[in-house]
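S.K.: In case you want the letters, here they are:
Protein chains: 2
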Amino acid sequence: MSQVQELLSRELKVLLRGPDCKERRQNVRICIELHISSTPIHKRDLVVRMTDDSDPFFLYNLVISEDDFQSLKLQQGLLVDYTAFPQKFIDLLHQCLNEETKDAPRFLLQLSYSGLVLGSSPAQLDVVETNSFKHLTHLSLRFQPANDVEVKTYLATCLRCIKEEKCVLQQAMKKTEEDLSRQLICAQQ
Amino acid sequence: MSQVQELLSRELKVLLRGPDCKERRQNVRICIELHISSTPIHKRDLVVRMTDDSDPFFLYNLVISEDDFQSLKLQQGLLVDYTAFPQKFIDLLHQCLNEETKDAPRFLLQLSYSGLVLGSSPAQLDVVETNSFKHLTHLSLRFQPANDVEVKTYLATCLRCIKEEKCVLQQAMKKTEEDLSRQLICAQQ
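These protein sequence lines map, in sequence, to chains A and B. Residue numbering for the first sequence follows my numbering, starting at 1 and increasing by one per position. Residue numbering for the second sequence follows my numbering, starting at 1 and increasing by one per position.
The hints are simulated quantities; they were obtained by calculation from the structure and are not laboratory data. Every value quoted in this text rests on a predicted model; they were computed, and no experiment measured them. No residue lacks a Cβ here, since even glycine has one placed at the ideal position from N, Cα and C. One thing to keep in mind: the hints can contain errors.
Unchecked claim - Have a look at the derived ranges for each label pair, beta carbon to beta carbon:
#, chain 1, residue 1, chain 2, residue 2, range
1, B, Asp81, A, Pro19, 50 to 58 Å
2, B, Gly77, A, Glu178, 55 to 63 Å
3, A, Gln76, B, Leu15, 56 to 64 Å
4, B, Glu66, A, Ser65, 50 to 58 Å
5, B, Cys186, A, Leu92, 49 to 57 Å
As the list claims (entries may be wrong) - Capping the alpha-carbon separation at 27 Å, the derived lysine-lysine pairs in DSSO-like fashion look like this:
#, chain 1, residue 1, chain 2, residue 2
6, A, Lys73, A, Lys88
7, B, Lys102, B, Lys22
8, A, Lys175, B, Lys166
9, B, Lys13, A, Lys163
10, A, Lys163, B, Lys174
11, A, Lys175, B, Lys163
12, B, Lys174, B, Lys163
13, B, Lys163, A, Lys13
14, B, Lys174, A, Lys174
15, B, Lys134, B, Lys73
16, B, Lys13, A, Lys166
17, B, Lys175, A, Lys166
18, B, Lys174, A, Lys175
19, A, Lys163, B, Lys163
Claimed, not checked - Stretch by stretch, here's where chain A covers chain B in the computed footprint (C-beta under 8 Å, at least three residues):
#, region
20, 158-165
21, 182-188
Assemble the whole structure, with the sequences as input and the hints as a guide.
M.R.: Okay, here's the thing in structure tokens:
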């Protein structure tokens, strides 16, 4: 048995930094999910996904197991445990979100990549606070670009979801039409 | 410049024949497109695609260029030329469609594959007429299963189309609601 719990799915502005040091802003959807499986062993994975609503082939994945988190915690001097981490990460993203429209945001998401094009090489997502003195990196996560099989699986999931949404919308449309037409006939009588 | 002209997109019943000789019926969507490019050289390709509305990973492609058609014509003793072929093929498919609900259809689409699972190996689509004397194969087309890159490109196209359809539906829903509400207010006054 495995269970997926969506904790966040949100479009956020990131500052893209390529190998040429040129910077540009781009919207990236960040999705955070908790994958819990109970068989064969009880296992929890935090899955972070970066996608682009306007580019179906843009897909970065990061899976953080409890063991991965221990290394991350040690490397980056984090003070929270694995269960508290997702909410802490979401809080940081919300802080970036709140500052998105500002000219000089205090909290900023920065996405750095080394390859020629974004999507073909690993990328690093940093949550950076800028105060009057310096840049402080609150969190730094390293993502792998998805391969073709992962992209096609992701697209198939998107397609299934949007088909369902379209179906719900069609039913709602039918119901609205029927309800309002009925009311109209009553009112006209 | 290249141009795509959709000639047919239709769900049809096919008789699946695997290597174990077991037969089963399945719905397959057959899509026929004419791809015309004018640069660098004028070129026409007939693209036939088999997909399954319920399985996003099912994708078979066949591209028939004018040269390919000459071999096909020779091999199968066809009497039509390249420009007339698509309509002839569509007519055959419609004949199968008309016989779909019959217990002993005279025209039948047959899809044979040799691999363990359909989708992993080449497959052959035959339009077969069965009369009281024998089975007559009117047309036989050999399809290659799509690779991961082709599947993800196909899924991205599906996703773009369905997003557009959803958007149109949302606008129609809004307009219907507004129109009927306005009429209702008028009628109630």
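S.K.: Would you mind marking each hint as holding or not holding in the structure?
M.R.: Hint-by-hint comparison with the structure:
Between Asp81(B) and Pro19(A) the Cβ separation comes to about 54 Å, which falls inside the hinted range of 50 to 58 Å. At roughly 56 Å, the beta-carbon separation of Gly77(B) and Glu178(A) lies within the given 55 to 63 Å, and the hint holds. Range check, Gln76(A) to Leu15(B): Cβ separation about 60 Å, and the 56 to 64 Å hint holds. For Glu66(B) and Ser65(A), the Cβ-Cβ distance of about 55 Å falls inside the hinted range of 50 to 58 Å, so the restraint holds.
Roughly 53 Å separates the CB atoms of Cys186(B) and Leu92(A), a value that falls within the hinted 49 to 57 Å. Restraint check: the Cα-Cα separation between Lys73(A) and Lys88(A) comes to about 13 Å, which is no more than 27 Å; the hinted pair holds. Restraint check: the Cα-Cα separation between Lys102(B) and Lys22(B) comes to about 20 Å, which is no more than 27 Å; the hinted pair holds. The straight-line distance between the Cα atoms of Lys175(A) and Lys166(B) is roughly 17 Å, inside the 27 Å bound, and the hint therefore holds.
Annotation: proposed proximity of Lys13(B) to Lys163(A) holds, straight-line Cα distance about 22 Å (limit 27 Å). As the CA atoms of Lys163(A) and Lys174(B) are separated by approximately 19 Å, the hinted pair is consistent with the 27 Å bound. Using a Cα cut-off of 27 Å, the hinted pair Lys175(A) and Lys163(B) holds, with the two alpha carbons roughly 22 Å apart. For the suggested pair Lys174(B) and Lys163(B), the alpha carbons sit about 17 Å apart, so the restraint of at most 27 Å is met.
With a CA separation close to 22 Å, the supplied pair Lys163(B) and Lys13(A) stays within the 27 Å bound. Note on Lys174(B) and Lys174(A): the hinted pairing holds, with a Cα-Cα distance of about 12 Å set against a maximum of 27 Å. With a C-alpha separation of about 22 Å, the suggested pairing of Lys134(B) with Lys73(B) holds against the 27 Å cut-off. With a CA separation close to 25 Å, the supplied pair Lys13(B) and Lys166(A) stays within the 27 Å bound.
For a cut-off of 27 Å, the pair hint linking Lys175(B) to Lys166(A) stands: about 17 Å separates their Cα positions. With a C-alpha separation of about 13 Å, the suggested pairing of Lys174(B) with Lys175(A) holds against the 27 Å cut-off. With a C-alpha separation of about 9 Å, the suggested pair Lys163(A) and Lys163(B) falls inside the 27 Å cut-off, and the hint holds. Coverage of a stretch by a chain is defined here by at least three residues with a beta carbon nearer than 8 Å to that chain's beta carbons; for the region 158-165 of chain B and chain A the count is 6, and the condition holds.
Only residues whose beta carbon comes within less than 8 Å of a beta carbon in chain A count, and the region 182-188 of chain B has 4; three or more means the coverage holds.
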